[in-house]
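When we follow full-length UniProt numbering, the leftmost residue of the sequence shown carries the number 1, and every step to the right adds one.
I should point out that these hints are in silico values taken from the structure, not numbers from a laboratory.
Warning: the hint list may mix true and false statements.
Estimated spans, in silico, between C-beta atoms of each pair [as the list claims (entries may be wrong)]:
#1 LYS269 x ASN145: 30 to 36 Å
#2 LEU144 x ARG55: 18 to 24 Å
#3 PHE65 x LEU210: 29 to 35 Å
#4 LEU144 x ASN70: 45 to 51 Å
#5 ARG197 x HIS310: 35 to 41 Å
#6 VAL302 x SER407: 44 to 50 Å
#7 GLU356 x TRP121: 35 to 41 Å
#8 PHE65 x ASP184: 34 to 40 Å
#9 GLU62 x GLN42: 16 to 22 Å
#10 LYS267 x ARG355: 27 to 33 Å
#11 ASN83 x PRO173: 24 to 30 Å
#12 ARG355 x GLY110: 53 to 59 Å
#13 CYS24 x LYS267: 27 to 33 Å
Using 30 Å as the maximum straight-line C-alpha spacing, the simulated DSSO-like pairs for lysine-lysine come out as follows [what the hints assert, rightly or not]:
#14 LYS133 x LYS191
#15 LYS306 x LYS194
#16 LYS57 x LYS254
#17 LYS117 x LYS32
#18 LYS261 x LYS200
#19 LYS316 x LYS254
#20 LYS117 x LYS72
#21 LYS135 x LYS194
#22 LYS316 x LYS267
#23 LYS238 x LYS254
#24 LYS306 x LYS406
#25 LYS57 x LYS116
#26 LYS57 x LYS32
#27 LYS57 x LYS117
#28 LYS79 x LYS139
#29 LYS158 x LYS267
#30 LYS135 x LYS116
#31 LYS133 x LYS57
#32 LYS265 x LYS316
Using N, Cα and C, we set each Cβ at its ideal position, and we do this for glycine too.
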Amino acid sequence: MLANNLKLTYENDEECLKVYTLGCFEVVLDGKVISNDCKRSQQVWNLFKYTLTYRNKRIVQENFFDVLWNDKECDNPVKALQNLVYRLRMLLDYKGVNKDGESVINYSQGCYSWNKKSHYWTDVDEFEELYEKAKTYEKNEDFLNAIEISQRALMLYKGDYLCEDSYNEWVMPVRNYYHRIYMDIIANLIKLLKNYRRNKDILRVCEEALMIQPFEESIHLPYIEALIEEGNMVQAQKQYEYVTSMLYEEMGVKPSSDLQKLYSKIKCKNNKGLVDLGSFQKMMMDNHESDGAFFCEPDTFVSVYKLECHRAVRTKQIVFMGLFTITRTKNRTHDSKVMKNGIGSFLNILIQDLREGDVVTAWSETQILVILSGTTYEQANMILDRVVNKYEENSSKKIIVKALLKSIDCSGRQNEKL
1 MLANNLKLTY ENDEECLKVY TLGCFEVVLD GKVISNDCKR SQQVWNLFKY
51 TLTYRNKRIV QENFFDVLWN DKECDNPVKA LQNLVYRLRM LLDYKGVNKD
101 GESVINYSQG CYSWNKKSHY WTDVDEFEEL YEKAKTYEKN EDFLNAIEIS
151 QRALMLYKGD YLCEDSYNEW VMPVRNYYHR IYMDIIANLI KLLKNYRRNK
201 DILRVCEEAL MIQPFEESIH LPYIEALIEE GNMVQAQKQY EYVTSMLYEE
251 MGVKPSSDLQ KLYSKIKCKN NKGLVDLGSF QKMMMDNHES DGAFFCEPDT
301 FVSVYKLECH RAVRTKQIVF MGLFTITRTK NRTHDSKVMK NGIGSFLNIL
351 IQDLREGDVV TAWSETQILV ILSGTTYEQA NMILDRVVNK YEENSSKKII
401 VKALLKSIDC SGRQNEKL
């Protein structure tokens, strides 16, 4: 069961200044949000964010100048900074953040710093503390407590650190730091939940995480795995199709080998031992992860083909389909071995010779399909001829390779099917 009802350490402390930075920025005191006027006091809150972000350091004035008035003219930045600090002190000290009379923002020897004795709480401090606690519990093999603490940590992560300041360079290192912790917590939590076969909890963890990080393949993978473990093959296949389509259309990323392996697992579960291309294709899938063309199984090839067509319609480009047919010579001695070795050699040459964006599949035991995009018909023809010629120069002439090229009209006027 997820820790939805766990009480966090700050909930009953109404007098504490609470600062939320993981997701939308919010400052709360006495149960009221005091950062609502961010637009009217943008520079004051920018000063607050920067000082709080680097609260473990003493900050020289020049750093504030770069952050607050970058690409802006300021006649007297020293005076302007002093004015902003005064306004921030009045805002926070007036609200009773520091009961000892000291200012929330300290100044000493030309440097400003956050007063760490102030009565405040931040989500990132607790987030990091829970992360360290979970690691300690796991190290001591107290796995159930590690799971509970990790769940509490994930409850705090509503989004990337100061997500509304995504274009500020000073935020990036800190944002990446907390994002790395977040992904580490998810990975460790899923690993622990797997040990207890808590697949439903894994699904919930992944679903919540994907709402924040929809493009993280490392979250989609365990989500699909948990669906498979639960026997939900229909949803697993839908999720696979969704993530491969999303990653390709939004980022131009083709399915990774890990995603392809999961898809093969789905197909095997559905078809009780039927393998798409047998042991030969598995061997080729394992051995052809190069810098050349993208090698995939036929089902993935069809998905990529459809995605290429959708993109071609938008970009007004033409997609070219190449078909290589492998036939035997008249001497049929050791046909099976000769064909297997010949196709393997040809695939090696083909994958290495094509570009990284091209797609290849062994459609059958005697046919190989390729997708060539971003090229003209003449160029595509030259590419296929070059591959065949290179193979013939290095082969033993025991098999013959013939190439056929067609341009596919993706607008739908020409309905060619694979």
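Taking the hints in turn, this is what the structure says about them:
no.: 1; hint: LYS269 x ASN145: 30 to 36 Å; in the structure: holds, 34 Å
no.: 2; hint: LEU144 x ARG55: 18 to 24 Å; in the structure: violated, 34 Å
no.: 3; hint: PHE65 x LEU210: 29 to 35 Å; in the structure: violated, 40 Å
no.: 4; hint: LEU144 x ASN70: 45 to 51 Å; in the structure: holds, 48 Å
no.: 5; hint: ARG197 x HIS310: 35 to 41 Å; in the structure: holds, 39 Å
no.: 6; hint: VAL302 x SER407: 44 to 50 Å; in the structure: violated, 18 Å
no.: 7; hint: GLU356 x TRP121: 35 to 41 Å; in the structure: violated, 49 Å
no.: 8; hint: PHE65 x ASP184: 34 to 40 Å; in the structure: holds, 35 Å
no.: 9; hint: GLU62 x GLN42: 16 to 22 Å; in the structure: holds, 21 Å
no.: 10; hint: LYS267 x ARG355: 27 to 33 Å; in the structure: holds, 28 Å
no.: 11; hint: ASN83 x PRO173: 24 to 30 Å; in the structure: holds, 28 Å
no.: 12; hint: ARG355 x GLY110: 53 to 59 Å; in the structure: holds, 57 Å
no.: 13; hint: CYS24 x LYS267: 27 to 33 Å; in the structure: violated, 42 Å
no.: 14; hint: LYS133 x LYS191; in the structure: holds, 17 Å
no.: 15; hint: LYS306 x LYS194; in the structure: violated, 35 Å
no.: 16; hint: LYS57 x LYS254; in the structure: violated, 43 Å
no.: 17; hint: LYS117 x LYS32; in the structure: holds, 22 Å
no.: 18; hint: LYS261 x LYS200; in the structure: holds, 22 Å
no.: 19; hint: LYS316 x LYS254; in the structure: holds, 21 Å
no.: 20; hint: LYS117 x LYS72; in the structure: violated, 34 Å
no.: 21; hint: LYS135 x LYS194; in the structure: holds, 17 Å
no.: 22; hint: LYS316 x LYS267; in the structure: violated, 34 Å
no.: 23; hint: LYS238 x LYS254; in the structure: holds, 17 Å
no.: 24; hint: LYS306 x LYS406; in the structure: holds, 16 Å
no.: 25; hint: LYS57 x LYS116; in the structure: holds, 11 Å
no.: 26; hint: LYS57 x LYS32; in the structure: holds, 29 Å
no.: 27; hint: LYS57 x LYS117; in the structure: holds, 14 Å
no.: 28; hint: LYS79 x LYS139; in the structure: violated, 52 Å
no.: 29; hint: LYS158 x LYS267; in the structure: violated, 35 Å
no.: 30; hint: LYS135 x LYS116; in the structure: holds, 26 Å
no.: 31; hint: LYS133 x LYS57; in the structure: holds, 24 Å
no.: 32; hint: LYS265 x LYS316; in the structure: violated, 36 Å
Checked against the numbered hints listed earlier, the structure breaks hints 2, 3, 6, 7, 13, 15, 16, 20, 22, 28, 29, 32; every other hint is satisfied.
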